[in-house]
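In the order they appear, the protein sequences are chains Z and S. Here the UniProt record's numbering is used: the first residue of the first sequence is 1, the next is one more, and so on. Here the UniProt record's numbering is used: the first residue of the second sequence is 1, the next is one more, and so on.
Note that these hints are calculated values from the structure, not bench results. The model shown is predicted, which means the values in this text are computed figures rather than measured ones. Heads up, some of the hints might be wrong.
Intra- or inter-copy, both count: the list cannot distinguish identical chains.
Unchecked claim - Straight-line C-alpha distance at most 25 Å; calculated DSS-like pairs for lysine-lysine:
1. Lys45 with Lys16
2. Lys129 with Lys36
3. Lys89 with Lys23
4. Lys190 with Lys16
2 protein chains.
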Amino acid sequence: MYYPEPITKLIDSFMKLPGIGPKTAARLAFFVLNMKEEDVLDFAKALVNAKRDLGYCSVCGHITDQDPCVICKDERRDRSIICVVQDPKDVIAMEKMKEYNGLYHVLNGVISPMEGIGPEDINVPDLLKRLQDETIKEVILATNPNIEGEATAMYISRLLKPSGIRTTRIAHGLPVGGDLEYADEVTLSKAIEGRREL
Amino acid sequence: MYYPEPITKLIDSFMKLPGIGPKTAARLAFFVLNMKEEDVLDFAKALVNAKRDLGYCSVCGHITDQDPCVICKDERRDRSIICVVQDPKDVIAMEKMKEYNGLYHVLNGVISPMEGIGPEDINVPDLLKRLQDETIKEVILATNPNIEGEATAMYISRLLKPSGIRTTRIAHGLPVGGDLEYADEVTLSKAIEGRREL
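Work the whole structure out from these sequences, hints included.
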């Protein structure tokens, strides 16, 4: 009502994004008005293309513009190990580390009774199917170290028990560069529990 | 390199917006992937339309999709008074107040020697032209109460002096609901200086 209609619509669109309230949305909309026309067109195209061209890998569930995804297709990767993560962003975090060369399995969710997400709502059946292939020797459960992530890891590890495949969980402990003094009790107790001989 | 290309492009576009770093951009891009296709198309259209259909009012400098803008065209408004503001967003703030019924003049900037913005870079000549129309009886200078805003107000008030048109500056003082104890010295001194008889 106070802004001309085209800008109201743009503000409304920005407000649909997470963490963006009316003030930020207005600031972003006015910024767009001062952007080069070319950049605005690129932005609009990027939105449409991302939505249209991206989907989930039918093998691992990672986000991809080709199926199977580049990681699943890559013959140089170690096909005997699968790292199970919650989210495509976790794959990126692992890849940035540059030390893991196995495959992934993206759950695209975690078991969360509070939000009504049960084991049947996450990408577990596909994982079980992949494990029937005898080349898989280890499954690393790399869900987040919080209640939902732990519950999901626990659930999957129980499912895999009968198969005899080695199932591991990423270590909990003090983050590198952290400070013992400021660590919370649970993390500290996990760090002690997981201590290793030198 | 880590993300499929369409999502990298979308992240890059989000990163061009002010206050959005790589992590937020990635979060927004992934959010877009999970939005309804219809909403994404609307977002893309809103971007292109806002950029294409909006311009500045040739009379007052406010942002508008028609020229002159709805405020300048509105015959029910008091055409004897002009409120000078820095930014289209300030017009909206004034309109939300619902107590001002005059016209506006948007400078689209303030004098700021630090950023190399001089009097010739802001929309002052158009203001002077409007004042030649004899219906204008008062100019309210409502630039922001900071160094640049004060300097701009001072500059314009000097320019208008010879014309004999009444030139006023919005009041400085304690914000309503504020607390004397927490007011800064400059605001407090302005509040005392601007005291009025009851």
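We went through each hint and held it up to the structure:
no.: 1; hint: Lys45 with Lys16; verdict: both (18 Å within a copy, 15 Å between copies)
no.: 2; hint: Lys129 with Lys36; verdict: neither (50 Å within a copy, 30 Å between copies)
no.: 3; hint: Lys89 with Lys23; verdict: between (28 Å within a copy, 10 Å between copies)
no.: 4; hint: Lys190 with Lys16; verdict: neither (39 Å within a copy, 41 Å between copies)
Taken one by one, the earlier hints fail for this structure at numbers 2, 4, listed in ascending order.
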